[in-house]
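First to last, the protein sequences are chains A and B. Heads up, the first sequence is in this note's numbering, so the first residue is 1330 and it goes up one at a time. Heads up, the second sequence is in this note's numbering, so the first residue is 46 and it goes up one at a time.
It should be emphasised that the hints constitute simulated quantities derived from the structure, not laboratory data. A virtual CB, placed ideally from N, CA and C, is assigned to each residue, including glycine. Keep in mind that the hints are not guaranteed to be accurate.
In the PhoX-like style, the derived pairs of lysine-lysine whose C-alpha atoms are separated by at most 20 Å in a straight line are [as the list claims (entries may be wrong)]: (1) K118/B x K1453/A; (2) K1536/A x K1506/A; (3) K71/B x K1414/A; (4) K1441/A x K71/B; (5) K1441/A x K111/B.
Now the in silico label distances, taken between C-beta atoms and shown as ranges [stated by the list, open to error]: (6) D1516/A x K113/B: 27 to 37 Å; (7) D99/B x Q1386/A: 35 to 45 Å; (8) D92/B x Q1499/A: 26 to 36 Å; (9) Q1569/A x D76/B: 43 to 53 Å; (10) D1409/A x D76/B: 13 to 23 Å; (11) T47/B x C1660/A: 44 to 54 Å; (12) K1453/A x K111/B: 19 to 29 Å; (13) K113/B x G1654/A: 42 to 52 Å; (14) I1670/A x N48/B: 49 to 59 Å; (15) K1453/A x D120/B: 15 to 25 Å.
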Amino acid sequence: MFDVNELPALSAYEWAHEEKHAFLTRELCELTRHHAARCPEYHKMLAASGVDVDRVQRFEELPFLPVRLFKEFSLKSVPDEELHKTMTSSGTTGQQVSRIYLDRETSTLQSKVLSRIVGEFLGKQRLPMIILDTSAIIKNRAMFSARGAGILGFSMFGRDKIYALDENMQLDVEGLKAFLKKHEGEDIFLFGFTFMIWQHFCAELRKSGYRPDLSRGVLIHGGGWKKLADQHITTAQFRQALHETCGLTRVHDYYGMVEQTGTIYMECECGHLHAPVWSDITIRRPSDFGVAEKGALGLIQVSSLLPHSYPGHMLLTEDEGRILGEDDCPCGRKGKYFEIIGRIRRAEVRGCSDTYEQK
Amino acid sequence: MTNLEKYINAFVESLEVAAEDVPALKYGESDQWDSVGHMSLIAALEDAFDIMVDMDDIIDLSSFEKGKEILAKYDVEI
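For reference, chain A alone in the conformation it holds in the complex (with noise of 0.2 Å):
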């Protein structure tokens, strides 16, 4: 297998489809072993596959693990004392939650690839950084969400950090005021969840008549965008609304879930979902679970190579996209990039910013 700790200084979006999905494939299967020999239930199940690894030409042969599974089942390929942390899914009351297990190798890889990709938008400086969420989001240990996680996560690729809304949500005026002030004529990173920030950031703004200048801001986002398509909020209109309101225009959203941390999928200038270098995307067609042909709906799989403490580098989502394309994105990123179109019916309601519900 590829030194695990040299794959974070491989370039995120360099290599076309010959050279990745060789990559991909090799070390794909070695993961599949890596896990077989030490995860007795993943064991059964590629065994239970039929699929005999050494028999593989493509990665897309190996056989995938659905998402839900990581509900039922405690999956992990490490011995419990090497046990470094817990991440737990955003299922709201009621709901089961994924268990995800990480070592301390498995973690600091998503750490390490995840700000690599991240960099790749935002620049190698840290940049003076805004959050889009409250204050009260990371004060209570005990009350730590998903939301909480991702916020810390991103907290890495900024400093001199404030949240733009208070703990009673109300928008931090005079704290933003004075940020700005402070940071004239820098290039500042913005973060949230898409949800919070249509419903509290913009709204606020909004109603406050305040209008910050963050033309210079590069703002991520994500977490989902079920809580906006119900009500009929399109990306357009989510862009615009920030455009009017404080003048951001370099807006990325991502497309990534904690079953497999790290490896996000980056929004680019164009609009698109790109796969880095470290993991890729397959369309499934719901009827028997082939490979979709490019730009088919299907249900999407995604493939990562971080997953060392538990099996999950091959999972099927309940999310529902296609392929838009591979090398020629014209913003001149190499790998598939691709769409999300929603989620699959009978799914369970769910995402990052889903957790938040309104008094």
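With chain A fixed as given, assemble chain B onto it according to the hints.
Then chain B, alone, in the frame of chain A:
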């Protein structure tokens, strides 16, 4: 204050631990030094020594001893 005192003090204030416990600390092995504590610690170190730590070093700073090596890269001798 010597650099060592400033260094220990950053741990004490950001992680709310006793000074005598600081040298044995490792990231993720105590309740105080969790991911929340980690970012407070980085901010405290940056303030104390007037430096800006790179992302890779933030990730690598996993123990009291490792932190000394990392700070040396920023010309801070502990």
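Evaluated hints:
1. K118/B x K1453/A: The given pair, whose Cα atoms are some 17 Å apart, holds under the 20 Å limit.
2. K1536/A x K1506/A: holds (17 Å)
3. K71/B x K1414/A: holds (14 Å)
4. K1441/A x K71/B: holds (19 Å)
5. K1441/A x K111/B: holds (17 Å)
6. D1516/A x K113/B: 27 to 37 Å: holds (32 Å)
7. D99/B x Q1386/A: 35 to 45 Å: The hint (35 to 45 Å, Cβ to Cβ) holds, given that D99/B and Q1386/A are roughly 41 Å apart.
8. D92/B x Q1499/A: 26 to 36 Å: holds (28 Å)
9. Q1569/A x D76/B: 43 to 53 Å: This hint holds: roughly 45 Å between Cβ atoms.
10. D1409/A x D76/B: 13 to 23 Å: holds (19 Å)
11. T47/B x C1660/A: 44 to 54 Å: holds (50 Å)
12. K1453/A x K111/B: 19 to 29 Å: holds (22 Å)
13. K113/B x G1654/A: 42 to 52 Å: holds (49 Å)
14. I1670/A x N48/B: 49 to 59 Å: The hint (49 to 59 Å, Cβ to Cβ) holds, given that I1670/A and N48/B are roughly 55 Å apart.
15. K1453/A x D120/B: 15 to 25 Å: Cβ of K1453/A to Cβ of D120/B: about 19 Å, so the range 15 to 25 Å holds.
Violated hints: none; the structure is consistent with every hint.
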